[in-house]
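Trainee: Work out the full structure, taking the sequences as your base and the hints as a guide.
Those protein sequence lines, which keep their order, are chains A and B.
Take the first sequence: its letter number 125 is residue 125 in this note's numbering, and every next letter is one higher.
For any residue, its number in this note's numbering is found by taking its place in the second sequence, counting from 1, and adding 265.
Treat each hint with caution, since some may be false.
[To be verified] Computed list of lysine-lysine pairs in PhoX-like fashion (alpha-carbon distance at most 25 Å, straight line): (1) B:K339 - B:K402; (2) A:K166 - B:K324; (3) A:K166 - B:K339.
[To be verified] Quick partial rundown of chain A residues pointing at chain B, CB under 8 Å, derived from the structure: (4) V28; (5) T150; (6) T152; (7) N154; (8) P155; (9) L157; (10) R208; (11) P210.
[To be verified] Footprint (simulated), chain B over chain A, 3 or more residues, beta carbon under 8 Å: (12) 140 to 149; (13) 160 to 171.
No lab work stands behind these hints: they were computed from the structure.
These numbers come from a predicted model, not from an experiment.
Note that CB positions come from ideal geometry on N, CA and C, so glycine has one too.
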Amino acid sequence: MLDDFLIRSTLAGLGVALAAAPMGCFVVWRRMAYFGDATAHASILGVAIALALSLSVFLGAMIMALLMALAVSGLSGRGYAVDTLLGVLAHSALAFGLVAVSFLSGVRIDLMAYLFGDILAVGKTDLLVIWGGAGLVLGLLAWRWSALLTSTLNPDLAHASGIDPKREQLVLTLALAVVVAVAIKVVGVLLIAALLIIPAAAARPFARTPEGMAVIAVVVAALSVLGGLQASLMMDTPTGPSIVCVAALIFAGSALGATLHRRLA
Amino acid sequence: MSLIEVQNLSVRYGGHQVLDHVDMTISCGEIVTIVGPNGSGKSTLLRSLIGAVPVASGKLTRAEGLSIGYVPQKLAIDPTLPMTVARFMSLPRRQQSRDVAIALEQAGVPDLSTRQMTELSGGQFQRVMLARALLAKPDLLLLDEATQGLDQPGSAAFYRQIEEVRARLGCAVLMVSHELHVVMSASDRVICLNGHVCCQGTPEIVASAPEYRALFGTGTQGALALYRHDHNHSHDDGCDHDHGHGRSPDSGAIPLHQATRSKVH
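Mentor: Here it is, written out as structure tokens:
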């Protein structure tokens, strides 16, 4: 069954959707959209280093994303506004990554695959890595859910209940790095943030609880993956961007629906 | 037995010394109020007790397994985070829905459980936060200007509930309040704070301490007269002292003009 490339890419997309959507909810709740973007952009440098050293691209991207996230967390509050810091670090990392990739002979053609993803070329090993990573992220989020939610709501309330918000922040950073690493193959570094944020944003008007929002976001992300794959097959369009386009259309529908509902209510 | 003991506690924000060698002890079942002008470190002291503020020097000892209920001065819930009252009550630990209903009823807001937190009025929000803090069956309840945004009867009812809670749960209460008339009638002990502990003791002792008068005396003659009426010294304004507020928690009975005047901003 896994010999069919379409089944492999569907499974890969669904695996990423499953991990990215709940993670994306935290990114939205904590106003970390730029943070997610910066982390994702930085991972291209990790890809370049991994290719140069013949290491696993997944591992390289994850470590670089993690380093980037830790650097931003560590440097923030030292005289630079976080958005300035993210702008500097994210684009620098992306630029260094692109330059580093250009030194690698024979990789230049592949660059597009890392920038925009190449879901149709997902192999069985990739599938294993994606579902392993997705499982890890879901496990982490489920295990720390209540503590993460309390620290997201208010750090002081977390402290009063004996939860350390800094530790929970670290858990989220780790989960984000894993999501970025597994999503590269599917949507590419430039569009990972879209897969994090758009499903969560589309889910918001219809959710009454945090858990509800996470579940709806997963459904939106899964529909985007399925719809995007179909559209890209039918219209011969790049798959990663097609997935994001479908997600964006769902978001537009959701926003329109919410507005109409408010008007009529 | 002391629940929390603070010895020589100092806290700095940047180069600014917010708390300067503070000593304090909270024992089982007592109601202690911290008074002090704006910027005197009242909130910082409360936040340092829950571990939310890094301590520059000194020692903070908590009784083993101490459960703290914390009601912050203000809680801004991000509009991107959907949260019903019932879900909020179950953070971070899942509570039986029956217990949640009882807690909300006791807090005087029985019909709110399906409402979104962001839809509540200021007064409803404070009551829900108190109800949530009480669900954890705290040994120590920390209230940081918890009656902010409540009207006069609302805040009187709030403090009556605090006394009931103390009687029922036997928990100690440490609160920051600007409502001096309530402080003086409902507290076992008052700590007057201005970066350091100016004076502390029973309300009567504190009200007649020169340090307290130096902070609150000028411009609030009316307010001060209220608390000195138990002592055997005469007043310039010659008002008689038959407005029985003494140690009765029924602070709503205080004539409005005195209640207004006794607020220190």
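Trainee: Each of the hints needs a verdict: does it hold here or not?
Mentor: Hints versus structure:
no., hint, verdict
1, B:K339 - B:K402, "holds (22 Å)"
2, A:K166 - B:K324, "holds (22 Å)"
3, A:K166 - B:K339, "holds (21 Å)"
4, V28, "holds (5 Å)"
5, T150, "holds (4 Å)"
6, T152, "holds (7 Å)"
7, N154, "holds (6 Å)"
8, P155, "holds (7 Å)"
9, L157, "holds (6 Å)"
10, R208, "holds (5 Å)"
11, P210, "holds (6 Å)"
12, 140 to 149, "holds (count 3)"
13, 160 to 171, "holds (count 3)"
No hint from the list above goes unmet by this structure.
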